[in-house]
Amino acid sequence: MESTLVYGFGADSCTNTRIEDCYIVSGDDCVAVKSGWDEYGIAYGMPTKQLVIRRLTCISPFSAVIALGSEMSGGIQDVRAEDIVAINSESGVRIKTAVGRGGYVKDIYVRRMTMKTMKWAFWMTGNYASHADDKYDPNALPVIQNINYRDMVAENVTMAARLEGIYGDPFTGICISNVTIQMAKKAKKVPWTCTDIDGISSDVTPAPCNLLPEQGEEKIGACTFPEESLPIEDIQIQTCTYSRNL
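Each residue of the sequence shown is one higher than the last, beginning at 0 in numbering that gives the first Met the number 0.
Don't take each hint at face value.
[As the list claims (entries may be wrong)] Just the calculated beta-carbon pair ranges, DEER-fashion:
no.	residue 1	residue 2	range
1	G215	T194	22 to 28 Å
2	K185	I231	38 to 44 Å
3	Y241	K188	56 to 62 Å
4	T113	K188	36 to 42 Å
5	A186	G26	24 to 30 Å
6	G26	N209	34 to 40 Å
7	D150	N15	22 to 28 Å
8	K188	P230	45 to 51 Å
9	Y166	A42	39 to 45 Å
10	N244	F224	33 to 39 Å
11	G167	G215	27 to 33 Å
12	K185	D82	18 to 24 Å
13	D20	P225	27 to 33 Å
14	G44	D150	44 to 50 Å
[What the hints assert, rightly or not] Computed cross-link-like contacts, DSS-like style, restricted to lysine-lysine with a CA-CA straight-line distance of at most 27 Å:
no.	residue 1	residue 2
15	K105	K118
16	K115	K187
17	K188	K115
18	K187	K118
19	K105	K134
20	K134	K187
21	K184	K118
22	K118	K185
23	K184	K105
24	K115	K184
In short, the hints are calculated from the structure, not lab data. All figures in this text were calculated on a predicted structure; none of them were measured in a lab. For every residue, glycine included, the Cβ atom is placed at its ideal position computed from N, Cα and C.
Please construct the entire structure, taking both the sequences and the accompanying hints into account.
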């Protein structure tokens, strides 16, 4: 019998969405955030924005707990994730894109994430080069900026981070603060690999790569989780009960 890998949740080209209080076991990403693929996503132009993800427990042995892209050509903006538990997963937070995607992933905020037994805590790649067809624009470069991770702990991790931007189109504004990653006994000798990225860090163990220099807590304001709430957070979910008299 063939098995099909499916997401836990897919948020695609939507505004004001809330995913919360869930236990997810997935053969693919636990939460996949998307907005269209290559020239079709660019033409449709409907971003995913104002997305709240909180209080999740996720198991995803072959993929990410939270994945942004790779279909992100319509744009992804203002994603807020907090209070996440990740267990036995390939990566905690993953950003996937490629030349030809266009679009953007920006203003991403993740805090209070606990990770246990991970291949990577953080993974960003600009080399996810699958395409819908050969009609994509090779000059359509994605914009990845203002990516914020803070207040996280992880244990039994093979590699802390694999951060790979695009040559000539670096990922910028990456901010990582107050993160402690305990490496596995058979971890990679180099815990961080970074190419074509730019950002800062504060109080991160093991020490990040040189492209994320230590700035100190007094300069780390860019990592601050937004204080203002989104409209979706004020909506009260109505519940009802039903009983049947036999």
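Hint numbers contradicted by this structure: Of the numbered hints, 4, 9, 10, 12, 13, 14, 20, 23 do not hold.
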